[in-house]
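Undergrad: Residues per chain, in single letters:
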Amino acid sequence: MERNPMRRQLQTLRKSLFDQGYLDDQFVQLEELQDDANPNFVEEVVTLYYRDSGRIILNIEQALERKPFDFNKLDAYMHQFKGSSSSIGAKKVKAESTLFREYCRSRNGEGCMRTFQQLKKEYATLRRKLEAYFQLARQAGPVETACRPK
Amino acid sequence: MAAQGRHGGQESNKMTALVVDDNTVNRMIHHRLLDNLGIENVAVVNGKEAVDIHCSGKTFDLILMDMDMPVMNGIEATRQLREMGIRSMIAGVSTRSMEREIREFIEAGLDDYQEKPLTMSKLISIVHKING
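Those protein sequences? They're chains Y and R, same order as listed. Each position in the first sequence, counted from 1, maps to that position plus 74 in this note's numbering. Letter 115 of the second sequence, counting from 1, is numbered 99 in this note's numbering, and no numbers are missing.
Take the hints with a grain of salt, since some may be wrong.
Computed from the model, here is a short list of chain Y residues facing chain R with C-beta under 7 Å [claimed, not checked]:
hint	residue
1	E105
2	Q108
3	T121
4	Y123
5	G128
6	I130
7	I131
8	L132
9	N133
10	Q136
11	T199
Calculated pairs, BS3-like style, for lysine-lysine (alpha carbon to alpha carbon, straight line, at most 27 Å) [claimed, not checked]:
hint	chain 1	residue 1	chain 2	residue 2
12	Y	K89	R	K32
13	R	K113	R	K32
14	Y	K89	Y	K147
15	R	K106	R	K32
16	Y	K89	Y	K195
17	R	K113	Y	K166
18	Y	K195	Y	K141
19	Y	K147	R	K113
20	Y	K203	Y	K89
Don't read these hints as lab results, they were simulated from the structure. The beta-carbon is built from N, C-alpha and C at its ideal position, and this holds for glycine as well.
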């Protein structure tokens, strides 16, 4: 049982991200790559994700302003975006990406626009939640490892 | 036993890998996965760079090849590498799930195919194939 109250809070917050469907097992895979030599690996990957995918979001926004829609281009952008989102375990964002691609394939412009709005909401919500999580993780400090008593 | 790898002509017993992926996030994760297994690795951003690095004389024990990339995709890069006589383990990694697309990638000359996202257990299964 975690004695440190901040650590307990962190664990609760982390659990809620999974229970509420924001994150999937891929996030755990990233956590397992974090160690003493790379203590901030997960945060670094997530930061890179938001920086990189922000450009793709902008590209999609601009593409949705051009009529008629180039569904092949939109699908290609979203393929990229979905790949990155999947790699960090962004479950809800990935689901909206999948739906968007289905609308691209069925040439449904309305569906694309509607789904894209929802995707941006999920994307922003996840960002806020992860920023809060990482801030709390920094405040909570590193996990104490077992050591022999002196 | 780790296969012999070469970097710039120097022999090393450490396994070596080339990550071929246009996605920055995936390159970072694949680099870390390989690092964790003690595999020296470099990354390039498309199939043409993968071919070029081999033309420069470098070889790798393992190539993690993404499918969809600009300039030259993974299918074409795999074909060219095999035509050049490159016998390294080439593992395709992609988010594609359609059988036809995966088959085309495999027929280009892959030794293995894994669906993204790549995990430690998937990478270990690839590495075990190298070690036999």
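Undergrad: Of the numbered hints stated earlier in the document, which are not met by this structure?
TA: 1, 2, 3, 5, 6, 7, 8, 9, 10, 11, 12, 14, 17, 19
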